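Visitor: Heads up: the protein sequence lines correspond to chains L and S, in order. Per this note's numbering, the first sequence starts with residue 776, numbered consecutively. Per this note's numbering, the second sequence starts with residue 776, numbered consecutively.
One or more of the hints may lead you astray.
Copies of one chain are not kept apart here, so a pair can be met inside one copy or by any two copies together.
Said to hold, decoys possible - Pairs of lysine-lysine, BS3-like flavour, derived with a Cα cap of 27 Å:
1. Lys1526 with Lys1222
2. Lys1600 with Lys1115
3. Lys907 with Lys1342
4. Lys1427 with Lys1437
5. Lys1487 with Lys1600
6. Lys1432 with Lys1449
7. Lys1449 with Lys1427
8. Lys1437 with Lys1449
9. Lys864 with Lys907
10. Lys864 with Lys1508
11. Lys1526 with Lys1600
12. Lys1052 with Lys1491
Treat the hints as calculated values from the structure; they're not laboratory data. As the structure is a computational prediction, the values presented were derived from the model and not from experiment.
There are 2 protein chains.
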Amino acid sequence: MSTRWIYGFNALDAATERCGGEWDEVLGLLGGKGANLADMTRLGIPVPPGFTITTEACNAYLDGGHVLPDGLADEISVALKSVEAETNKTFGDPANPLLVSCRSGSKFSMPGMMDTVLNLGLNDDVTDGMAKIFDNRRFVLDLYRRLIQMFGVVVTGIPDEPFEVVLGAFRESRGVNSDSELFEDDLERIVRRFKEIYRDHAGRDFPSDPMDQLTLAVQAVFASWNGKRAAAYREAAEIPHNLGTAVNVQAMVFGNIGQTSATGVVVTRNATTGAPKMTGDFLINSQGEDVVSGVRQTSTIEVLRREMPELYAQLERHAEMLERHYRDMQDIEFTIERGKMWLLQTRNGKRTAQAAVRIAVELVSDGVITKHEALTRVTPRQVEFFLHPQFDTESKRRAKDEGRYLTTGLNVSPGGAVGIVALDADLAVRWAGEREEPVILVRPETKPDDVHGMLVSAGVLTSSGGRTSHAALVARQFGKPAVVGAQEVDLHLEARLITVGSTVINEGDWISVDGTTGEVFLGTIETSLPEIDDAWLTALLAWADEVRELDVWTNADNPDDAALAFKFGANGIGLCRTEHMFFDTARLPIVQRMIMASSDSERLTALDELLPLQRSDFVALFRAMEGRRVIIRLLDPPLHEFLPNEGDLIRKTTDLKIRLMKAGDLAEVNALVKELDETERLLNRVEALHESNPMLGLRGVRLAIVIPDLPKMQIKAIFEASLIMLEEGAEPKPGIMIPLTSDAAELVRLKAVVDRIATEVLGDRIDEVDYEYGTMIETPRAAITARDLAETAEFFSFGTNDLTQMTYGISRDDAERAYLLDYLKLGVLEHNPFDTLDREGVGVLIRSAVEAGRAARPGIQMGLCGEHGGDPASIAFCDEIGLDYVSCSPLRVPIARLAAAQAVLNRPESFISTADPHTDMTEGVAADTA
Amino acid sequence: MSTRWIYGFNALDAATERCGGEWDEVLGLLGGKGANLADMTRLGIPVPPGFTITTEACNAYLDGGHVLPDGLADEISVALKSVEAETNKTFGDPANPLLVSCRSGSKFSMPGMMDTVLNLGLNDDVTDGMAKIFDNRRFVLDLYRRLIQMFGVVVTGIPDEPFEVVLGAFRESRGVNSDSELFEDDLERIVRRFKEIYRDHAGRDFPSDPMDQLTLAVQAVFASWNGKRAAAYREAAEIPHNLGTAVNVQAMVFGNIGQTSATGVVVTRNATTGAPKMTGDFLINSQGEDVVSGVRQTSTIEVLRREMPELYAQLERHAEMLERHYRDMQDIEFTIERGKMWLLQTRNGKRTAQAAVRIAVELVSDGVITKHEALTRVTPRQVEFFLHPQFDTESKRRAKDEGRYLTTGLNVSPGGAVGIVALDADLAVRWAGEREEPVILVRPETKPDDVHGMLVSAGVLTSSGGRTSHAALVARQFGKPAVVGAQEVDLHLEARLITVGSTVINEGDWISVDGTTGEVFLGTIETSLPEIDDAWLTALLAWADEVRELDVWTNADNPDDAALAFKFGANGIGLCRTEHMFFDTARLPIVQRMIMASSDSERLTALDELLPLQRSDFVALFRAMEGRRVIIRLLDPPLHEFLPNEGDLIRKTTDLKIRLMKAGDLAEVNALVKELDETERLLNRVEALHESNPMLGLRGVRLAIVIPDLPKMQIKAIFEASLIMLEEGAEPKPGIMIPLTSDAAELVRLKAVVDRIATEVLGDRIDEVDYEYGTMIETPRAAITARDLAETAEFFSFGTNDLTQMTYGISRDDAERAYLLDYLKLGVLEHNPFDTLDREGVGVLIRSAVEAGRAARPGIQMGLCGEHGGDPASIAFCDEIGLDYVSCSPLRVPIARLAAAQAVLNRPESFISTADPHTDMTEGVAADTA
C-alpha cells in the first residue's frame, strides 16, 4: 500500500491510528498546527475546513530532488474536493469561489520561521465573481493584491521592496498612513502594478490557475524547511533537521465582510487577576490584524454578549470545552463571517504571576487538573513576583517616552524601588531618620560597613560588582530591590553627584531602580505591591509541601529575618552568618578594637564585651525558630573587612597632611597631628592585613585557628544562649559550623574546643542540648576529602558561592564586570555559574562529596546554603543528589518550596505523574501558531 | 622451655636462629645497638665483650609490675661470668676488677632518649684496688665520681643539679674551667660529697655491691622505656610503644690509661671530598669525649700510622671490612687500651653533598654496591648543592659569634649571596652597571616590574611573600639565592634604609642572604662554589637517565635559560611564560601603551610593534632547543601587573598636588599639571583594572577571549618564528598552551584561531611544522572536565601552583605570611602544599584528570609544570600516576633527573631491586648509637 500523504482536519482518528496511538507521533506527522486544528475539529469546534499534508510528504519532496512524491497531487485534489463539499464552495469557481490559506507547521514551534500564503484561489475572474457575491469590490481587490505580493515573495522569491514602494507611492498620493485607507480605484491600479512587478522579477505571469497557485505554494512551504533562516533557528533551538514541516491548507474565512462579520480574541479567564471569567476584545467588520495592532478601538467581549448573544453563548461554550480539553486557560482567536462563528486557533494563554497562581489552584477545584499539575503550572519566578513591589509597566513605558530611562545594570534583587539618591551609608541613615522620602543608596560598590545604610534604603544601585557581589547578596538577603554593576553610572563623590552619560543627578534627586529588570530611571515610577497573603498562593505552596522531599531552611542572621522566613515556611536556619552581627553600629568599634589589639589581654577585653551581645543574638534566633535547628557559622570574612578601606585611609592621611601645612594655631595643629597619628596607625594595620587575594586568605577556619580566642567567644555565646533557652523551658538545637575547611585536621582541632566549652558552660545539662558540629563544604579540597571530614563533621553545608569561585577560579566580586558578561554574550558559557549551579564541574564535586560523606557517616545531614539555594535549577540538582535541605534567604523560601516540589515532579523516573489518569492520548499543549 | 633473655655479643647465630633468619626480627629482639655489636663481633672485629638483655625481657619486666622476669637474674650472672672469662677480669674483684657499662638500645634509633650508666662495678674497695693496678688513683676516682653521679641521676632519679653545684664549687676553688683539671685530692672529696648527696636524696647509701648496681641499672633502663621523654619521642616519630628496649651490658675499656692508650674516630673515606682514603682524628691518653669536645688538640690518623703502624694497619683492616659489610662509608669509634685496639661502634658516616656523590659512584666501581643502590644513596637536595654557591659553615659560625646574624625568613631559592643593599630595582640595575660590588635587592615583595632588578642582583630578600610568591618563583627560575617573607625586616623606603630589630642597615651596606637556610646576616660571609661539571655527578645522572621513566623538561622564557637547561639534560621546554618577555625594559612601555589604548586601532598599533620582538624570542628558543618541543603559554597574568602600583600612584598624585600648591612660577605649574594629568590617567586605568582577587580574575584564557587581538599577535609570532626555523632547515616543534582554562568551550574557541593563523602564516608548509595545541590544567574545573578538554587539547600541563591555590582556597601570595606557617607549626598541616604536592586533595584531581584525559584521547601528552616539578616527593607522584614529563626551572633539571630515577626505584612494586643479590640477611644499616 502506498503512503497516505494527506489527512483532513476531520481525520484525526486515522492519523492517530497510523501513529500507533502516540500523540507525539501525531505531532511529528501533522505538525503542531495541523494536529491542533484536527484536534479542535474532532471536538466539534467550528474550524474552517482544511487538510494537512504530512511532514513525510515534505521529506519525500526534499529527498526526491524537489519533485512532489507520487500520488500527492492526486491526494491534494481529493482533499480539496472534500473541503469544497464542506464549504459548499468551489476552488477557482468565479460564481462561488473557495479561497484557501497555505501554512507551514512543524512538530516544534518555530515562531517567525513559518511561511504562509493567504487567499490562494484568486485570479481576475474569481475577483470579479467574488466582488459581485460580496457586493464589495474593494474588499476583494485588497485580498487579491495581498495574494500577489505574498505569493511573489514567499513562493517566487521576489524581494518585498518593489511591492512596498508601490504601496508607499499610493499612500503618499492619497496623503494617508495606512493601506486600508486606499480607495478601490487605487487597489485596482495596485493589482495591475503588482502583476507587472511579478512578471518583471519572475520572467513569467502571475499564475492565474488556482491549482497552480496551490501546488507552487505547497512546494514553497516544503522548501522553506531548508531555508537558511529556519536551519539557523533549528540549530539554536536544538531541533533536529530531519523532521520536515507539514503544510496546512485551510478554507479562508473573513471577518471584514460587513456588519455581521467580526474578528476577536478571548481568554478563558482573566489573564491579569486570574478570575474565572472569559475576557477579550473584538471588532465588527475587521481582520485579525486590526484587533492586534490597536489602530482601531476594540470593544470588549461584553459588547458581543449584548449585541450577538447567541454567537457569544456559542463562543463561551467552545471556550469552556477547549479549556477543559487542553486543561489550561486558553487564548482563542475567532472570526465571525456573516453571522457564522469560526475558531481559528487556541493556545495556552499568557498570564500575570498572580493569575498563574489563581488559575492553577482554581483549575484544581474545577476538577480540570490535579494538584501535581497545578504545581508545574506556576514558575518559581512567578512566586517571586509576590514578594516584592513591582513597577507598573505602563508607568515605565511613559518614563521611557519621556526620556527618563538612564541605563540597565544587573538585576540582582527583584522589585521596584523609588527614592532620593544618597551617596553614602551614613547619609542614607540620616535622611531615613530626618526626611520623609525613601532613599536609594548609590555606591561604587558596597562593603559590610555600608550595610546599615542598605537596611534603611528602599533600594540599592552600584556601578560595579557582580551578581553575587556584596551588594547583591545583602540586597537579596534583605529583599531590597537592587541593581548592581551599572557601569554607565559614574559617581563623583566629592561633587556629591552622579552622571549617566550627559545626565547629571545630584544627591537628593529622585531615581527609580528596577531590581526585576535591571533598569534605572530618572524620577519616579509607580509601583504596586502584590499580595503575599494570597489565599491561592498559600494553597499552592501547601500542595508543594506535600510533594517535596527537600526541606527548606533559611539563611538568617537576625530574629526579624528568622521570623519572616519561619512565616514563609522555613523549617530551620541553615546559615546564620555571625559577621553580620559584628557590623552593628554599636559593635563595630568593639570589633575594631579587637582587631587593633596590640596584646592578648587587650583582645580578650574586647571579646569579653562582645560575648553578651553575641549571646543575646543567639537567644533571639533560638526563640524565633521555636526549637528548630539553627546552624551558626563561626566568623568567616577576612578581618580587614571590618576596617576602613586602604585607599580612603591613604587619601585621608595626605589630606590631613595638607591641612596640617595650612594649619594656623597650635590647637588645630595638635588636633590634626593626633588625628593623623590615629589614621596612620589604622592604615598600618590595614596594610598589615592586606592580602592580594583575600578570598583565598586569612578567613574562615583559618581565623579561628590563628586567633583562637575569637571562636572561643562565639562558641561560648552559643552555649550560654542554649542554657538560657533551657531555663526558659525550650529545646535549643544549635549547629556550630566551621567555614572554609580544607583539611580534616582543622575540624578535629576545633571540635575539641567546642566539646570542652560545651562541657564547661552546660555542665550536667549538656545532654539536654542537642548540638551538632559540622562544616561548610566550600573549597574543592573539602569536597574531595569529604570522607575524612565526615569522620568529625555531623553535617555538611555546601557553600556553593565559594565552591563555584574556586572550582572555576573566578572571583565573584570581579568576574561579571571583567569578563563573565562577555563570556555569556559570546556563548562561551551558557549560564552564569553564580546563578545556576554548574553541574559538570561544581556539581561533580558536590555529588562525590555527598557519596563520600554518606559512606563515612551514614545519615549525615547535608544541605546547600549558597545563593543557589534559592535557584530552581539548582534546587532540582539538590533534589537529584538527595540533599536533606536547601537554605536560602527568607524571601526565597516560598520559591524554594515550589521549586523543590517541581524537582520531585520533574524527576525522570518520577512515579508521581503530573497528568490526570483520565487524560487521553490527545493531551498536549496546543501548538504555538505563528 | 623457658624464654632465653640474654644473648652474648658472640651469640648472633643463636639469636638469628631464634628469629627464623629475619634480620628485622633480630633488630627487634636485640635492639639496633645490640645487634650491631653482635654483628661486629661475628665479623671478628675486636669489640669489648658483653651481652644483650632482650627487649622481651624488658616487656616482661614492664608488664610484670616492674619485677625481673623469672630466670633473668640467673642469666645475667651466667653472661657476666662469660664476660669475666673473656676479659680475664672479675666483676667486683678489687684485685682484678671488671667494670661494665649498661646502655639501652631499641629497634629504632631514639637519639638522646637512651639511658646509659658507665663504670658499674666500682666501689670503695674496687677503687683502691684499681688505683693500685693502674698506678693512677686520680683516674679511678674520676671514674668513681662519674658512676655515683650517673647512677644517682639515671637509676635513682636524683636531680643533676646538686652534683653539678659541688663540681662547680671545686672548679672555682681551683680557679679552673674543666673537671679534668681538678686534683686527685679534690676528687677524693668530691666522691665523699657525692655519696652524701646520694644518701640525702635516696634515703639510703649508694649501693656498694656491684651486682646490686648492675641489677638496678638494668631495671632503670627498662623503666626508661616508659619515661615521659621517650614516650613523647615515640609519639612524634610514630614508633610503636610496645617494642621495649634491650639492655647492653659491656666491658668498659679505657683510652686514658697512659701513653699506650688512645681514643679516636675514623671515617672510611674523606667525608668532605669523598676521596677513597681513611681519615680521622685521635688522642693519646684520652676519653672519647675529649676527641669530640675539641678541648684538646687532636692528631690526625696519619700520626697513628706513623707512631703505631701495627695498630693503624689493624684499624684499616677493620674499617675496610666494615665498609664492605655495611656497604657504605663507615664512621668508626675506637679505643686503644694499653696497646690493645677495641672498636666501640660503627655507623654509616655523614658526608657532604660532593662526597655523597663521589662515594656512591666509587662504591659502584669498587664493586660494593649496584648502580641502582648508588642512585638511592644521594638525595636530590645533595644534587641541588652542586648548583649554587654556598656559604662557608665556619664563616657563618663566626658571623653569629660576632652578632651579625639578623633574622631568618623562608629559604626559597638556595645558595648564598653577598652584596650591597639596593631598595629598588632601578637602583639595583644602576649600581650593577656603575659599581664593582654585587647587589642584593631588598623589597617588601617583588612584582614583575622588579624582574630587571632581580636579574642583575646576586640575591633577593623580601619582607613579605611566601614560598611561591613572585620573588620566590623568579629567584628559583633564575637560580638567584633568595629569602622571602623575612617579617622582621622593616623597609623604610623614603629614608632609604631597613631595620631589623634595633639594627639599622643603610642602602649600600653589605648583607649576606642564605637562600639555603633562610638566614640573613649583616656584612659578608665567605662562599664556595661546588663543581657542577663533577665527573661523578655526571656518571650518577647518566645512571638515573637509564632508570627513570619520566622525561625531564624545563621552564624557560629566554634562550640562556633554555641553553642551560639543555646542558643540564632537559629534553624540552614545558613552559615558556610569555609574560616575562613583556617586562623587558624596551618592551614594557609598548605593553603599557597596549593596555592604555583608548581605541582598537591604538591597541593594534602597539601589538604590531610587539610582534617582531615576540617572533625573535621564539626563534631564539627554538634554536636553543634544537628541534625539541617548546610549549609556549599565551599571556597569563592580569594586565594591572604591567602597570604601576595603585597605592604608589595615589601617593604620587597627592604628592604632585602638594608640590603644585607650593609651585612658584608658571612653567613649573604647567609641568606639574601635565604630570598630574598623566598620573591620574594611569591611576584611573589601574583603578578600572583593579580586582578584589586578581588570582581569580581577568587573566589567562579570559584575557585571550576578551582581548582577542592579544593572543592573535602571540600566535602569529609563534608561526612566523616557525617559518623562519623551516627556512633555516630546522624542525620547529611549538606547543601552544592555553592558561587558566575552566571550560572546554574556551579551548574550542581559541583552537579555531590557532588553526586559522597557522594556515595563513605557514601556507603550504603547514605540514612541515609539528605544532600542538593544549591547555594548562590549573583550575579544579579543568581537572574535573578533563574528558571534555581532551576532545580539543592535544596535551595537558598540570599547573600545580594555581591548582593548589584553588583546591585549598589559599592564596600563595598571602598564605604563608598569614597562616600557613602557623598551620605547620601547630601540626594542622604536615607539609606546605606549595612545596610538596598534596596527594589527598590536589593529587586526586590530577589523577582523575589523567584518567579522563587518556580515556578521551589515548596517548595524550601530559606533564606537570608547576613549582612541584622540581620537588622529589611530587616527582614521585608524577611517576606513580604515569605522567610523561615534569618541567622545572633549569637549575632543578639535574635534581629532577635523580628524583625521577629514585621514584622508579622506590615504587612499591618495583622489580628493580636496590639490594645486591649477594647480600645476606645480616644486611642493614648500622644502628645509630647515641
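Visitor: Each hint: holds or not?
Guide: Now for the hints, and whether the structure bears them out:
1. Taking identical chains as interchangeable, the C-alpha atoms of Lys1526 and Lys1222 are never at most 27 Å apart, the minima being 31 Å within one chain and 40 Å between chains.
2. With identical chains, the CA atoms of Lys1600 and Lys1115 are never at most 27 Å apart, being 51 Å at best within one copy and 92 Å at best between copies.
3. In this homomeric assembly, Lys907 and Lys1342 never come within 27 Å of each other (Cα to Cα): the closest approach is 71 Å inside a single copy and 102 Å across copies.
4. Proximity of Lys1427 to Lys1437 under the C-alpha cut-off of 27 Å is found in both arrangements, the shortest distances being 15 Å within a copy and 20 Å between copies.
5. Within a single copy, Lys1487 and Lys1600 get their C-alpha atoms only as close as 48 Å, which misses the 27 Å cut-off; across copies the closest is 20 Å, which meets it.
6. For a Cα distance limit of 27 Å, the shortest separation of Lys1432 from Lys1449 qualifies both inside one copy, at 12 Å, and across copies, at 23 Å.
7. When the C-alpha separation of Lys1449 and Lys1427 is checked against a cutoff of 27 Å, the pair qualifies both within a copy, at 13 Å, and between copies, at 24 Å.
8. When the C-alpha separation of Lys1437 and Lys1449 is checked against a cutoff of 27 Å, the pair qualifies both within a copy, at 16 Å, and between copies, at 25 Å.
9. In this assembly of identical chains, the alpha carbons of Lys864 and Lys907 lie at most 27 Å apart only when taken from the same copy (15 Å versus 151 Å across copies).
10. Proximity of Lys864 to Lys1508 under the C-alpha cut-off of 27 Å is found in neither arrangement, the shortest distances being 80 Å within a copy and 78 Å between copies.
11. In the homo-oligomer, the alpha carbons of Lys1526 and Lys1600 lie at most 27 Å apart only across protomers (19 Å), although the nearest pairing inside one protomer, at 46 Å, exceeds that limit.
12. Proximity of Lys1052 and Lys1491 under a CA criterion of 27 Å is satisfied in neither setting, with 61 Å inside one chain copy and 68 Å between copies.
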